[in-house]
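Asker: Here is how the chains run, residue by residue.
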Amino acid sequence: MSPSYAKPTTPAETAAHSPQIPDDAYQALEDIVGAENVSRDAAVLDTYAFQWLAELVRPDQSHYMARPAAVVLPGSTEEVQAIVRLANKYGLKVKPHGTGWYHWSGPIKDSDATLQLDMRRMNAIVEIDEQNMYAVVEPYVIAAQLQAEILPLGLNLNIPGVGCSSSIVASACAYHGAGPDTYYMGGNAENVLGMEWVTPEGEIVRTGSLGSGDGWFCSEGPGPSVRGICRGTLGSRGGLGVYTRCAVKLAPHFGQTEWNVEGTLPAYRLPIHENLRVYTLAVPDWDAWAEIYYRIYDNEIGYIFHRQFNLAGADLAAAFWLMYNDASKTLSDVPELAADPEIIALTEELRISFQLILAGRSNDDIELQDKILDAILEEVGGHKVERFCERDMAEFTNVYLQRLGHKHINFVWAGGYIGSWMQFGTPDWVKGYIPTAAAGLERDAAGGKLVQCGGDAMMGSGSGIPLGGATGLEQFVSYDPDDYDSTVAGIKHMEDAVGDAAAISYPPGKEFLYLQIGWTDEQIWDALAHAKQPQAFHYQRKIKEAFDPNNVGDRMYPTLPEGYTAGE
Amino acid sequence: MALTDYRADAMRCTRCSYCKWIPFDLVKSHQFAKGCPSIEAGKFHAYSAGGKLVTALSLMDGRSEVTDQVVDIAFKCQLCGNCDVACKLCRYDMEPILALREFRAHLVEMDRVPESYRPLIERTRAALAGKGPKTPADRNAWAEGLGLKDPTAEPVDVVFYAGCKYSLEETLRETVRTQVRLLQLAGLTVGLFENGCCGGLADKLGYRDEAAEAGQRMLKQWAAAGVKTVVTSCADCRHVFTRVYPQLEGAPEAMPQILHTVECVDQLIRDERLELATPVPMAVTYHDPCNLGRQGEPYTQWEGVEKKIYGQAVVYDPPRPRHNGAYGVYQAPRDVLAAIPGVQLVEMERSREAAWCCGAGGACREAFPEYSAATAAERVEEAASTGAEALVTACSRCELNFTEAVAADTASGGPGADLKVHDVLELVALSAGIGKERS
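Residue numbers (the working numbering), protein chains in the order written: chain W, 1 to 568; chain B, 1 to 439.
Incorrect hints may have been included.
With a straight-line Cα cutoff of 16 Å, these simulated EDC-like cross-link-like pairs (lysine to aspartate or glutamate) come out [to be verified]:
{"#": "1", "chain 1": "W", "residue 1": "Lys384", "chain 2": "W", "residue 2": "Glu348"}
{"#": "2", "chain 1": "B", "residue 1": "Lys76", "chain 2": "W", "residue 2": "Glu36"}
{"#": "3", "chain 1": "B", "residue 1": "Lys308", "chain 2": "W", "residue 2": "Glu336"}
{"#": "4", "chain 1": "B", "residue 1": "Lys308", "chain 2": "W", "residue 2": "Asp333"}
{"#": "5", "chain 1": "B", "residue 1": "Lys307", "chain 2": "B", "residue 2": "Asp5"}
{"#": "6", "chain 1": "B", "residue 1": "Lys307", "chain 2": "W", "residue 2": "Asp333"}
{"#": "7", "chain 1": "W", "residue 1": "Lys431", "chain 2": "W", "residue 2": "Glu291"}
{"#": "8", "chain 1": "W", "residue 1": "Lys329", "chain 2": "B", "residue 2": "Asp317"}
{"#": "9", "chain 1": "W", "residue 1": "Lys89", "chain 2": "W", "residue 2": "Asp24"}
{"#": "10", "chain 1": "B", "residue 1": "Lys43", "chain 2": "W", "residue 2": "Glu36"}
If you are wondering where the hints come from, they were derived from the structure by calculation, not from laboratory data.
Values in this document were obtained by computation on a predicted structure and should not be read as measured data.
Let the sequences and hints guide you as you build the complete structure.
Answerer: So, in structure tokens, the structure goes:
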């Protein structure tokens with residue numbers, strides 16, 4: 001442990017830097033939710049301040065974001081409304097989270113007295129409308145729970161890239177919500193239907209058809225069409241009110257309705273239904289990679305489409321995943337596996353690979369899709385990776401991608417990962433940044449402060465929009481959050497990635513979003529003013545003024561001050 | 001170990017919340033997806049394993065102090081190990097359950113424990129000093145008339161250790177007697193020492209010195225008599241024998257073989273030393289006790305250091321054995337049930353490594369009875385949802401908690417009303433013709 005992580009402090013010193021909630025406001029919170037559902041115990045608050053990525057943006061690489069003034073567990077929309085109104089009265093900020101993951105899900109600024117809303121008591125599946133193919137959920141329903149309930153009905157849902165541990169409401173109402181299923185099922189930004197939204201002033205707005213009393217089926221009407229206002233493209237990430245319920249569109253499911261998982265922890269397996277095919281496909285170069293993506297889009301085959309396993313790094317992915325599939329092995333076994341000649345060959349074979357699950361409505365349908373895929377592979381010079389298409393690995397791939405229940409393997413190497421790059425566009429455009437992204441990671445990991453698993457540790461959805469057309473690859477950069485120097489190397493990588501992208505005329509990637517959390521307001525305004533469409537942030541200021549006059553939400557809903565323009 | 005040894009685990013926790021759920025691949029419904037009784041009761045993130053780690057980190061960082069709520073966070077937890085299984089779905093560098101145990105021991109050293117602990121540990125200390133209300137001879141009253149041998153006087157095939165609950169709870173007396181009679185029916189000579197508690201309760205409470213004293217006493221007794229095999233009917237005792245005793249000062253390099261009765265009977269059935277001929281027509285569901293299932297796998301004590309490969313990938317030198325619940329004692333009880341003609345096993349949604357705790361573990365039955373009962377009630381509801389006639393298990397503490405939860409449901413018309421609760425070996429005994437159905 002570096003001494004830099006052990007800055008001596010005392011409870012009193014820490015508290016002195018954390019705005020407190022007035023006693024009468026705290027009492028009022030207890031009256032709203034019950035004393036057992038609110039806390040201002042310092043250690044409890046720290047468990048909300050402690051967040052992944054905090055160490056990359058906070059002073060002294062602290063693992064703690066700003067400490068909330070209190071954490072509150074509301075049990076109903078009405079309680080949320082009362083809390084928000086209380087916040088307006090006392091000048092407190094409100095920051096809700098679903099499952100509470102990412103450094104922006106807690107308070108951003110030390111100077112703000114923030115009520116952290118942990119939505120875990122609101123955990124009901126309100127309705128599953130099988131006929132109209134939608135479900136209504138509260139904020140603490142995670143994707144795994146809803147999927148488990150709807151698979152027996154022959155239905156499925158898009159599970160975003162973050163995995164099935166995530167809140168459906170959070171991804172649908174307040175963040176992006178794209179993942180391996182999006183190609184077929186749509187992303188949650190598109191899939192959200194009616195929403196119940198407690199505005200920053202404490203009004204309850206029911207959007208779309210819900211607002212006219214016609215149920216949850218439509219996001220845009222008849223009724224108030226405010227999806228663009230309250231969620232936009234990326235979502236307000238807790239910065240503009242609280243979402244208490246929403247409906248999401250469901251998709252047809254063609255596999256088995258019985259979810260009988262087999263195998264040994266941790267690499268469970270899901271037997272492959274006769275109407276499914278589960279493949280790991282490889283192509284010889286990045287031109288062929290772009291081409292096969294286009295052809296999959298054009299031929300409208302496929303159900304789940306993702307470049308998943310490469311997150312372990314192109315140099316080590318084969319060894320890693322074979323290790324993972326042997327319950328007796330650990331990371332200590334990876335070097336020996338990686339040195340095995342057969343695995344060396346497999347590593348080379350997997351270098352430019354991705355996963356595709358085909359799903360047919362019938363035997364004829366799946367056979368046709370299979371033939372089309374074979375023809376595409378022949379045309380682009382690709383092939384099925386035999387070892388990863390064998391039963392054990394295929395069944396593992398099947399459960400992995402169907403449920404996305406292992407997504408935190410992201411952290412497997414060292415406990416910390418940064419998603420850099422991930423600019424989103426056509427395959428040809430994405431192909432254009434891959435060499436730079438790979439070279440950048442090789443360079444930044446060369447000193448041994450980041451995990452050296454190959455320059456290409458890029459993972460991403462086959463298409464982040466429905467029906468194909470646009471994709472993106474996220475560079476998985478692993479660092480040790482318990483190692484100060486490694487953490488600093490992670491920060492440098494993020495800054496380097498921004499510069500690398502600019503050097504090849506690409507916009508900054510996901511790391512830019514991460515970095516901004518630690519910036520001053522002025523730095524953020526400058527970045528927004530230099531965005532492609534800065535006027536949007538002036539428009540959002542107008543929205544904020546209208547819906548949040550007391551500035552209860554935080555800056556995760558980005559705005560530009562009136563008259564602010566880009567400087568030099 | 002010290003709490004600071006788990007600082008890295010806390011620093012590397014990503015707050016992913018996997019520890020709150022069963023492994024996601026195993027989720028079959030909204031209702032039974034939850035994995036952690038502690039956070040279901042405490043609700044704040046701090047009650048999850050990740051939250052407990054960060055609570056401890058906050059204390060270590062000097063940012064907060066030990067308050068009553070911190071004490072509640074640390075101790076209102078069955079140490080059931082679901083968090084450990086779920087975390088290790090994706091991680092090789094975290095040891096949540098060990099860290100949670102260390103957190104407790106740390107607070108015990110500070111004498112910051114729940115008030116409900118104090119009489120428990122005083123009772124344990126008194127028993128260790130030979131001043132308890134129950135002497136070792138009292139503890140063996142259950143065995144009267146069974147013809148058990150004195151291992152210090154004559155060689156025996158196995159030494160039987162009943163554990164506190166089976167020794168002292170009248171309601172469990174017939175169960176434990178039946179278990180011994182099964183061993184004898186198979187031709188085993190069974191010995192019984194006069195001894196006290198194994199130290200398991202003290203260990204779970206976080207009082208390591210007391211646990212060690214009890215353990216060392218037991219180990220000396222075994223060594224003096226040349227004990228080769230210990231069979232215990234208590235999953236908690238088995239856990240202490242296999243995980244705590246080998247670490248004690250003076251522990252022999254070669255420990256006696258430790259078997260749970262269900263493992264022993266499984267082997268006896270395989271060896272055709274027990275004939276199960278009488279049908280027991282009953283649909284049952286089996287509850288995996290935490291300390292026999294996910295925390296019952298073969299355990300190798302590890303000492304070593306962290307090292308880095310590939311720049312920053314975290315590994316250990318020597319390699320740290322993987323204890324993630326994959327190889328717990330899951331199959332033996334199921335094989336035993338399958339060997340009983342007429343018994344139909346219906347699995348609960350959460351089974352094997354994903355089993356929801358009975359609520360009794362971690363000394364919660366004694367220290368937090370309401371919390372313990374609520375946890376048991378959820379398991380009973382899950383058992384009832386299978387349509388099974390009986391909930392069977394292989395642990396005295398589970399059996400007690402379930403029996404009481406069913407009684408509460410029966411009184412209130414709850415979902416578990418009239419569900420039968422059995423030890424696995426009670427059904428074996430019925431089939432072997434030596435048991436009688438409990439009223």
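Asker: All hints are to be evaluated individually against the structure, with a verdict given for each.
Answerer: Each hint tested on the structure:
1. W:Lys384 - W:Glu348: Distance of about 14 Å is within 16 Å: holds.
2. B:Lys76 - W:Glu36: holds, 15 Å
3. B:Lys308 - W:Glu336: Holds - the C-alpha atoms of Glu336 of chain W and Lys308 of chain B are around 15 Å apart, at most 16 Å.
4. B:Lys308 - W:Asp333: Answer holds: Lys308 of chain B to Asp333 of chain W is near 13 Å, not above 16 Å.
5. B:Lys307 - B:Asp5: holds, 15 Å
6. B:Lys307 - W:Asp333: holds, 13 Å
7. W:Lys431 - W:Glu291: holds, 10 Å
8. W:Lys329 - B:Asp317: holds, 14 Å
9. W:Lys89 - W:Asp24: holds, 12 Å
10. B:Lys43 - W:Glu36: holds, 9 Å
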